[in-house]
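Note that the protein sequences, when read in sequence, are chains A and B. All the letters of the first sequence, read from the start, carry residue numbers 1 to 140 under the working numbering. All the letters of the second sequence, read from the start, carry residue numbers 1 to 140 under the working numbering.
Calculated from the structure, these hints are not laboratory results. Just to be clear, a hint being listed does not mean it is correct.
[Stated by the list, open to error] Heads up, simulated DMTMM-like pairs for lysine to aspartate or glutamate below, C-alpha to C-alpha not over 20 Å straight-line:
#1 LYS98(A) x ASP24(B)
#2 LYS98(A) x ASP124(A)
#3 LYS30(B) x ASP48(B)
#4 LYS17(A) x ASP48(A)
#5 LYS123(A) x ASP16(B)
#6 LYS17(B) x ASP48(B)
#7 LYS123(B) x ASP16(A)
#8 LYS17(A) x ASP124(B)
#9 LYS98(B) x ASP16(A)
Everything numeric in this text was worked out from a predicted model, so none of it was measured.
Protein chains: 2
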Amino acid sequence: MIGRLNHVGIATPSIDKAVAVYRDLLGATKIGEKFALPAQGVWVCFVDTPNSQIELIEPYGEDSPIHGFLKKNPAGGQHHVCFEVPDIIAARDDMRAKGATVLGTGEPRIGAHGTPVIFIHPKDMGGVLVELMETPKDAH
Amino acid sequence: MIGRLNHVGIATPSIDKAVAVYRDLLGATKIGEKFALPAQGVWVCFVDTPNSQIELIEPYGEDSPIHGFLKKNPAGGQHHVCFEVPDIIAARDDMRAKGATVLGTGEPRIGAHGTPVIFIHPKDMGGVLVELMETPKDAH
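Next up, chain A with everything else stripped away, as it sits in the complex (with noise of 0.2 Å):
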């Protein structure tokens, strides 16, 4: 079922810093602007690499989810890793039909490449929080 790995979700309390590590340290050449996911509760940027890309998160609002993840990892770190799926509605019922939890209601909500997403209770998933995004129709 799942796809390309479309990216690594790290938290950070600053995506300025942030990007300063990717681009000053690391090198990184393609970045791109901070943009808000008011409904997400995250500020996000793209740091992309030839074939994956890094998605640096940082809360938006009291209300964000990641407030707790940077609580117990203040200096931030990874968050969620990101699988493409062709469809996300098949997906989200056979995730339920294999007894897998989809965190919220299981409606997916628009993510940060403007199609639908869900996420995984890390319990199903050897810990790790896990996003699966609906394939950009005129992606790849």
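Given chain A, put chain B in place with the hints provided.
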């Protein structure tokens, strides 16, 4: 400097159980054989996606460096991110020149893909343990 996102390293108390998650729940179809890297203190198993890989790692021996990680994260979790670089010695010297801490002696070791690797301390990388791996000469 950094090139491809070669893999995401995911620590697990049991590669066999983690493989079942990727194969049976997520539907991954290209999963390698488990093998030992005694010098690194890990068992390794690669799960391929079309563009990258998940590297499952399980402790090998009493001195495995991931026992501590699993003590904090008993179910497993995202352990490191590995980027390819064209020349490991140049990458190491560049990291040091920029003030980043290379783990261990700084002498590259042979990693799971048979090419030299180094690890950069998370304190310099936004809380993320970063592996730099020399691109295999016959790759891509």
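Taking the hints in turn, this is what the structure says about them:
1. A C-alpha spacing of about 9 Å is found between LYS98(A) and ASP24(B), which places the hinted pair at or below 20 Å, so the restraint holds.
2. Only pairs whose Cα atoms come within 20 Å are accepted, and LYS98(A) paired with ASP124(A) is accepted, the gap being roughly 10 Å.
3. This hinted pair checks out: LYS30(B) and ASP48(B) have alpha carbons roughly 5 Å apart, not beyond 20 Å.
4. The suggested pairing of LYS17(A) with ASP48(A) holds, with an alpha-carbon distance near 17 Å, which does not exceed 20 Å.
5. Taken as a hint, the LYS123(A) and ASP16(B) pair is honoured in the structure, with Cα atoms around 16 Å apart against an allowance of 20 Å.
6. A threshold of 20 Å between alpha carbons decides the hint, and for LYS17(B) with ASP48(B) the separation of about 17 Å falls inside it, so the pair holds.
7. Of the supplied pair hints, the one linking LYS123(B) and ASP16(A) holds, its CA atoms being roughly 16 Å apart against a limit of 20 Å.
8. Under the criterion of a C-alpha separation no larger than 20 Å, the hint pairing LYS17(A) with ASP124(B) is consistent with the structure, at around 11 Å.
9. Pair hint LYS98(B) plus ASP16(A) holds up; C-alpha atoms about 18 Å apart against a cutoff of 20 Å.
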